[in-house]
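Enquirer: The whole structure should be built from the sequences, with the hints applied where relevant.
Chains A and B supply the protein sequences, listed in that same order. Note that the working numbering has the first sequence beginning at 1, numbered continuously upward. Note that the working numbering has the second sequence beginning at 1001, numbered continuously upward.
Treat each hint with caution, since some may be false.
[Said to hold, decoys possible] Restricting the straight-line Cα-Cα distance to at most 25 Å, the calculated cross-link-like pairs of lysine-lysine (DSS-like) are:
#1 Lys1168/B / Lys1240/B
#2 Lys326/A / Lys1168/B
#3 Lys387/A / Lys1240/B
#4 Lys326/A / Lys1075/B
#5 Lys1231/B / Lys387/A
Simulated from the structure, these hints should not be mistaken for laboratory data. As the structure is a computational prediction, the values presented were derived from the model and not from experiment.
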Amino acid sequence: MLNLRKIAAILAGKLIAALSRMAGNQGTNLPGKIALEIYPQLLHELGQNIEKDIFLVTGTNGKTTTANMIAEIFKASGNTYVHNQAGANMLPGITTALLEHTDITGQKKLDYAVLETDEANVPLVIAEIKPRMILITNFFRDQLDRYGELDSTINLIKKSVSNTEIELLLNADDPLQLTFQASSSTKYWHYGLDVTNYDSFNGSESREGRYCILCGQELEYTRYHYSQLGKYHCPQCDIINPAPDFLATDLHLENGIDMQIDSMSITSPFQGLHNAYNILAAVSLAKLAGIEEEFIQSAIANYQPTAGRMEKFKILGKKVVLVLVKNPTGLNQSLATLVQDPAVKNLFIALNDNAADGRDISWIWDADVEVISSDQAHINQIICSGKRSGDMAVRIKYSGFEPAPIVVKPSLEEGIESAIRRESEACYILCTYTALFASRKILLRMQKKYPELEPERKKAPGKML
Amino acid sequence: MEKFIIAHMYPDLMNLYGDRGNLLCLQKRMEWYGLNCEIKNISLHEDLEFSQFDMIFMGGGSDREQNLVCGHLLKRTDQLMKLIESGLPALFICGAYQMLGSYYKAQDGNVIDGLGIFPFHTECRQGRLIGNILIETEINGRKTSVVGFENHGGRTYFTDPIIKSLGKVIKGYGNNGEDKTEGLIYKNLIGTYLHGPLLPKNPVLADFFIHNMTDRKGIKLNRVLDDTIEKIAHEQVKNKILAE
Ligand SMILES: [Zn+2]
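Expert: What follows is the structure, encoded as structure tokens:
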């Protein structure tokens, strides 16, 4: 028998999604929200249309990139899947994704679901749909999160998976994920990095996970990969990193990412150590899902970064890289990636303080901006933009960077033009959330208009015959 | 070169909202003035001896952390009071500021004793006071605007008119969201809810502390720093707040 209420909910959701797309909005939450109001069991029932496995991807940073990579692998291997859009990672957004991928009666079957899920929403989502596995990228505290909210979020996730058959795929290098060790009812897998050439041996960055989550003692590290991810042990309870089931070795970051994951060679156009982790996590999950290696390799090799995740442009013959930054860890990673790039570059940073960026911009002082002054950074000029360009310029000045080449241009358009036109081999465009899409539009337009160095500039005046 | 030591009290526990920016600011400016400044991190395991410091800085933390810290500080409160009285520069932000008063009443009604150095108390109520804030203050006889960001559940009330607020709230909440006062200034000590962080975009306040430190050592600063970028940031936030 047809369930009319369910059909009404799906229709309403699909209609709202179509309308908001026509209006040029991303509108990824509203359709799911309305549909759930009409038919609260909708998510639960749509979840039953997934024939093979449902995977949740959660953690503080990297979940969008990791989930996208998993989706690419499923696509390359010829599986059907549903995957929610970047940022639409709470209950309504996940519902939207599922209802957009179903037919009007809500019966259409798919092989997999890859659902990027906000950390705090994990218990809510698994109350509705039963995933086979939850992949956790990492847990970092950000500035709004120093009242122990992260610890309680981790505990809630732990509680919601205990006494279930849900498997966990965990980061062996993240000491905060040791919390899950104690829950014996769960099956877990670990991925981790071997020693790399990019490790550091001291704790200059703000290392938030540096206390043992089991006994409270300060952890000792023999290496840091980045932030609190590394090779640690607790001097009190003797706990060390779990042995990885999936180990990445021979990591090279000079030209994209190259590494070996167990017996498989992996190459990716992405950049930076944090993306090596995202790839490692995605590949580990794909292996556990039983996808053949050739599909995994080709999907990762062909997958290009999307908006704001180290997306590359070519303007005036220069490499221009667009990066989203939203918290100190993200800014640290972006700056570390920039320093690893040997090109001489200009740096553009747009800092906004709209609600979606976070009204409080004090987090820029928790990032280790000081790396831009190192000799390997090769930065010619820094252009600060956005509504809080002044604050960003002050942060740069107090990092010890010579004040002369710091330019303040609140307008994104002028700032980006100026960063690209000034002398350099490459440009890094760092943006907070609300500056990202506007900046991307400007870059796309410039790329179309002047992909190569302008001919007028090549021609010396007076040489015309 | 004359050496100065600034104590960063409990950076592991009391470190919210970019507090380290205030220290980075002091350290860099002192370097630009030709002075040598060392930041000394003080932890709970250390014996406190305040007389070795040229300035004290403490940032915000959660209730649990404030309790731990308060217990440790209580042992040396008498020495701290004497030094504040004799003009020791000190900056206390958010939770650290609240701790200088007689008590803090949490939302569940629990009363946590403060250090009792100044006659004020704080009560935590529902609804955090969050947002950009602009105040007007007077530093060394000169009117000046101060900008920052506040985020606190506590409402602070002075119980004796003998103490003076740091300034008047032009936009924002301040001490309690009612009486248009913000913070506390006493000799060379400032307590405030403003972070953002405070000193980098209010260089007048940063120099207030630096001049107090050098005066106490009998050093005269002749150099004037170029604050063009700081002023751009200050004006940008100020205009934004006034337009909100
Ligand atoms: Zn331990």
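Enquirer: Compare the structure with each hint and give your call.
Expert: Structure-based check of each hint:
{"no.": "1", "hint": "Lys1168/B / Lys1240/B", "result": "18 Å, holds"}
{"no.": "2", "hint": "Lys326/A / Lys1168/B", "result": "33 Å, violated"}
{"no.": "3", "hint": "Lys387/A / Lys1240/B", "result": "9 Å, holds"}
{"no.": "4", "hint": "Lys326/A / Lys1075/B", "result": "41 Å, violated"}
{"no.": "5", "hint": "Lys1231/B / Lys387/A", "result": "15 Å, holds"}
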